[in-house]
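S.K.: One letter stands for each residue in the lines below.
There are 2 protein chains.
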Amino acid sequence: MASKLTSLPNSLLPKNPNSHLLLPLKPNSSTATFANFATHNKPISIRCTAASTAPVSPIPATEDSEDRVFNFAAGPAILPANVLKKAQAELYNWRGSGMSVMEMSHRGKEFLSIIQKAEADLRALLNIPEDYAVLFLQGGATTQFAMIPLNLCKPDDPVDFVVTGSWGDKAFKESQKFCKPKVIWSGKSEKYTKIPSFDALEQSPDAKYLHICANETIHGVEFKDYPTPKNGILVADMSSNFCSKPVDVSKFGLIYAGAQKNVGPSGVTIVIIKKDLIGNAQETTPVMLDYKIHAENNSLYNTPPCFGIYMCGLVFEDLLAQGGLTEIERKNKKKAELLYSAIDKSNGFYRCPVEKSARSLMNVPFTLEKSDLEAEFIKEAAKEKLVQLKGHRSVGGMRASIYNAMPLAGVEKLVAFMKNFQARHA
Amino acid sequence: MASKLTSLPNSLLPKNPNSHLLLPLKPNSSTATFANFATHNKPISIRCTAASTAPVSPIPATEDSEDRVFNFAAGPAILPANVLKKAQAELYNWRGSGMSVMEMSHRGKEFLSIIQKAEADLRALLNIPEDYAVLFLQGGATTQFAMIPLNLCKPDDPVDFVVTGSWGDKAFKESQKFCKPKVIWSGKSEKYTKIPSFDALEQSPDAKYLHICANETIHGVEFKDYPTPKNGILVADMSSNFCSKPVDVSKFGLIYAGAQKNVGPSGVTIVIIKKDLIGNAQETTPVMLDYKIHAENNSLYNTPPCFGIYMCGLVFEDLLAQGGLTEIERKNKKKAELLYSAIDKSNGFYRCPVEKSARSLMNVPFTLEKSDLEAEFIKEAAKEKLVQLKGHRSVGGMRASIYNAMPLAGVEKLVAFMKNFQARHA
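Protein chains in written order, with this note's numbering: chain A, 1 to 426; chain B, 1 to 426.
Please keep in mind that the hints were generated in silico from the structure rather than gathered at the bench. Please note that a few of the clues may not be correct.
Because identical chains cannot be distinguished in the list, a pair is counted as satisfied if it fits within a single copy or across any two copies.
With a straight-line Cα cutoff of 16 Å, these simulated EDC-like cross-link-like pairs (lysine to aspartate or glutamate) come out [to be verified]:
hint, residue 1, residue 2
1, K275, D225
2, K188, D248
3, K292, D169
4, K292, D344
5, K194, E380
6, K385, E110
7, K177, D248
8, K173, E283
9, K177, E283
10, K251, D225
11, K180, D206
12, K177, D156
13, K419, D290
14, K292, D225
15, K333, E412
16, K275, D131
Predicted model, so just to flag it, every value in this text is computed and none were measured.
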């Protein structure tokens, strides 16, 4: 105990029996006094004495795991609890700098140390070769849908798309403004439940790139291996399985990912691009959509989304501390197997439409044989603090997104709930 | 005291003389044990008893104002301390939702309540008319430099620019890709120290819009009134004086602002646009650069920068609580007058190059008569916790950015330091 206490700042240590502790506290909207604190931020002092006769509040305990939910949202999504705790601890004053990360000049030494460490840790995680640039951008994958053809193509250049879900389809449609894309395979007629055989793909001989969405967030379809482009390079949207497993970056010309599924909050887009692909943007490319500008300025051409990059950095640090992506993949497989197994062994009560070989480790869509029970399922699950299980509005049913940060306990609780629900409704 | 305590969550209340409090704590990098906590997030329990004999740590007190700096950065910039405290308090579990704002689905009811309140509060602050849309976007003002002509012009349309500093010049140059802009007045030959007389402006008769940068962050030049476009509409970059004073929005067709100076962290761009200007984007406009898409989807076409929008919302709430923008302007004037007065009354020791009528309330550039002392000035100021006073790399000298969140005490301390420095070096 004593050794722990020596590590506390003076101001948090009881100096004498009547000392007051200043506590950062969580607001609770059901209490007027507390809401008042939250708005006006007057520190509340707690008298810490043996003789305290403070009345015990009727508000239920609200600490840590007890009041956290298991959040199965597809993105923005669950983040590691320890990362959030660390961000919370240093939000007001980052490591003695006297300011929040949100207040730092993006050109100051403090933020430079943050973005440089984030990049270095990401490079270590994915073993990114030296001849690839790592860019921290804004605008989400949807901005990349335009930025990629604007940078890699002239307006008449052919490009191939393998469309295995809604996001690949969106990328294809947006690229039509800036190049001549062709869908060489689409899973649409089979409701996006498959990955094609690569041998059967009829690639365009002059395609500048071959585009895939490595993991379709809505349909739960994931590439387990990658096609080799006949011409040009492979481009992959990895938004929803970024850093969920090891990836051989050298197989790709460009990898992009919105951070808000596996590695951070929304508002950060990460692009990993082979350096020799940079510098050929179309003339009417907005400066913010030119990779060259961002690469030359180490993602600091204009003010980047600093706090988001900082959060990504904390997540990268955490992934490395867990043992890197091989270990992360092992954990993710265990969680996914548990959930798919529960679905497959339910005698058809639950159904996953995706072909087994293409099932995503990240997004698990499923339906109920008795589809009229789905609303009840979602409602009851929420009562058990299993939230955001509703399937995407375009496909219905349920979807459990079980990203890196979803603990095994969350999946175990979901599976237990599913069995219980089935027992009551079968 | 009792009334305050009843508002605390049970878990933070001492239940008996030997109860333990779980405290969210701030890491201190100088202490190994504590750094360990920060990384691994093990809650530290403090025994709160009258008989505590815990040794007092040698770490200096690190609470609140004592270890905060006065941050004069131009952006990202200082944020209100109470807003940061509130964000910190609810970072791990937002108002009983069981999740951080960073983890929330952007389509869930929790985040919808956040973005809707942020918009409503901003509308109240600026008295934004009903026929204007408010959009929360990404990419900073630099993205707007392209987005505006892409949405308001055909490629051959003329546009007028009044260029009063570097940012207006950047906006002009980027627009050349998408329309036919013309600089009808530039302060460049006078090193951007003036605002022109509006009567003397020779506007193009067919200009689709007249563009100004309402406050030039680098040069400290601010419009106090606004020119009336002969044709078309007035478009203003208000990044660095947004919400610093009341503005008659109806005089403008479009106002845009990066949030990271006055109203939030970087990564959020706010656009206020007259609705009848929406819907005419050029054919090759990326979908993410089309105002129509964002307006039709209430800024939720793709995943927005949720946490940044939340932070802006907290700032808007705080500005309203302070009495709105009339009161904010009064405070800003007082701070600016104090600083400009100190410069003007220094007998030339300090100099502000900007013409008095055009001086910014937000960014105060100044030089030393003895320019070789400038590095020393900046270094000594930093020791006094007056940081980020170095002028922009393109102009040198010093710059004090005194946005809404800079307390009067910060300017008072800077002025006292300046007088002291002068006394020692005059």
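S.K.: Hint compliance check: list the failing hint numbers for this structure, sorted ascending.
M.R.: 1, 2, 3, 4, 5, 7, 13 and 14
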